[in-house]
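Quick mapping for you: the protein sequence lines, in order, are chains A and B.
In this text, residue positions in the first sequence follow the working numbering: the first is 18, and each later residue adds one.
In this text, residue positions in the second sequence follow the working numbering: the first is 600, and each later residue adds one.
Keep in mind that the hints were calculated from the coordinates and are not lab data.
Just so you know, nobody snuck in bad clues.
Here are the simulated DSS-like cross-link-like pairs (lysine-lysine), alpha carbons at most 27 Å apart as the crow flies:
#1 B:Lys1040 with A:Lys34
#2 B:Lys675 with B:Lys603
#3 B:Lys962 with A:Lys108
#4 B:Lys889 with A:Lys24
#5 B:Lys962 with A:Lys63
#6 A:Lys34 with B:Lys904
#7 B:Lys732 with A:Lys34
#8 B:Lys649 with B:Lys701
#9 A:Lys54 with B:Lys904
#10 B:Lys765 with B:Lys701
#11 A:Lys108 with B:Lys940
#12 B:Lys649 with B:Lys996
#13 B:Lys913 with B:Lys647
#14 A:Lys108 with B:Lys913
#15 A:Lys20 with A:Lys63
#16 B:Lys889 with A:Lys34
#17 B:Lys1026 with A:Lys108
#18 B:Lys647 with A:Lys34
#19 B:Lys962 with A:Lys34
#20 B:Lys913 with A:Lys34
#21 B:Lys889 with A:Lys54
One side only, chain A facing chain B, incomplete, derived with CB under 7 Å:
#22 Tyr77
#23 Asn81
#24 Leu101
#25 Asp104
Quantities reported herein were computed from a predicted structural model and do not represent experimental measurements.
Glycine included, C-beta positions come from ideal geometry on N, C-alpha and C.
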Amino acid sequence: MAKVKLKEFAMARSGDKGDGSNVGVFVTNAADYEVIKRELTVDRVKQHFHDICFGEVVRYEAPNMLALNFLLRDSLGGGGSESLKTDAQGKVHGLGLLEIEIER
Amino acid sequence: MRDKIQIGYGQGFWGDSILGPIRLVDEGPLDYLALDYLAEVTMSIMQKLKSRNPDAGYATDFVRMLDRTMEQIADKGVRVIANAGGVNPDACLNAVLELARKKGVKGLKVGIVEGDDILARVPELLAAGHDMKNMDDGRPLTDVQDTLLSANAYIGAFSVAECLAKGAQIVICGRVTDPALVGGPMVHEFGWQPTDYDKLAASTVAGHIGECGAQCTGGNYTRWRDVEDFVRIGYPVIEATPDGTFTVTKHEGTGGLLTRDTVVSQLLYEMGDPNNYLGPDCAADFTSAKIEEVGPSRVQISGVKGGPPTDTYKVSLSYQNGYKATGQLTIAGPDAVEKAKLCADIVWGRLAFDGCAFAEDEKMVEFVGAGVTHAGILESNDPPEVVLRMGVKCADKARVNRFGSELVPLVTSGPPGVTGFAGGRPKATDIVGYWPALLDKDQVKTRVRVEES
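Build out the structure end to end from the sequences listed, making use of the hints.
Okay, here's the thing in structure tokens:
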């Protein structure tokens, strides 16, 4: 195993869900899916987004897409039209997750 | 029954490129064209327009699009389904009929689906015990009843299908779900019943893939260097079949990229629990979908499972929730971040000096370029310049405007390097609060009507 950035082998997309965002991340083979299931724990993701997500992190698995889906609650500064932040809809939270360094 | 229909999805939101629908109609075969014009807060904007003008309150972009495509749509027999009706489908219908008359397009049947707009009925619904409490935090609707701007139920595919069955070539809806814009044609063509949950779930997955237009054909794709010809990016075409299996494709010769990976990317967009995606017609299990590349620019989805829907509609309400303003200046280096921080402190300090202090939760400061969108993940301490972006929000419009007048003076009364002040003073704009709720389905009755040019 070696430390690598998630962006070296995974892809992601994110968007808004109320006052939080969702971050979907997926890989292209079964071995890498085991890697992200092991490495991308709720605690690890919450810690990675410590300056962005101020609420709970929830994780879902979608094995048919080799994907994990994270909900980052309270991560938009109010969400929708209430937020004053540049990324009021969490459009780039997916790219943010891909910067995480994990063991592969 | 036809064994296959082709549904293009050419408009992902209000403000999407007019080239999407125009090119879908022009560049290849198409039976149906689905167009989404509504976001969560769009309805409140439309209610405001309608309150000033009874003939407004719909997506005028839709009529402008038809102004460029109506003859071709009529010639090719493409049927169009759009939620462009906003809060005034009737006015949208009249505008489209008027356009057809002006163009001399005769015999065009235009239909509307109504009944989603429940704003006027909120008092009676509350009185009858339908509390429509906030799904996110449980607050009672009475908290914001006096400031409500809009209230709409999310309608499903069967109302769209009913309008198609009455012969409408153009179907104008208010707040139908995005997936219903493609589910409607499938229900209509293939005779699906309300208990065909697996098939309805497949249409939900198809609609979710298509609902952001080019976002499933290479737009916003992580591996963007693999995407060819963004200029002529292809918009999605769903080839649907009677058993629910469908193929996502795009017209030959168009740009972009359509692979399993671009489709999976879009499947994950705005996803909650992938096992249980709730809509008005079914609960879809996105984890049951089998996703395969079956040819160049062809991704087939099969095996989707679904279950019965709940006995409630999701209702989207919006309300006036105070005011906000944001503004920005560019701060050039050296020491760009340090000076930008000083500038922000100066603005807050001068406002406080003048009796207009803002609380922490009313203020926002960003140093764009130093690591804002990836805060805590990717940051830079010494970029050659940063954009200082500041904002406030509160219930008092005058205080918000007072903030707006204290930003630009930094050019002559702050540290050196302050520039980029084009655009003038930021002004207070309304904050539209979003209020998701549930309402018993038997309280919402939809109606369809079809007229001919």
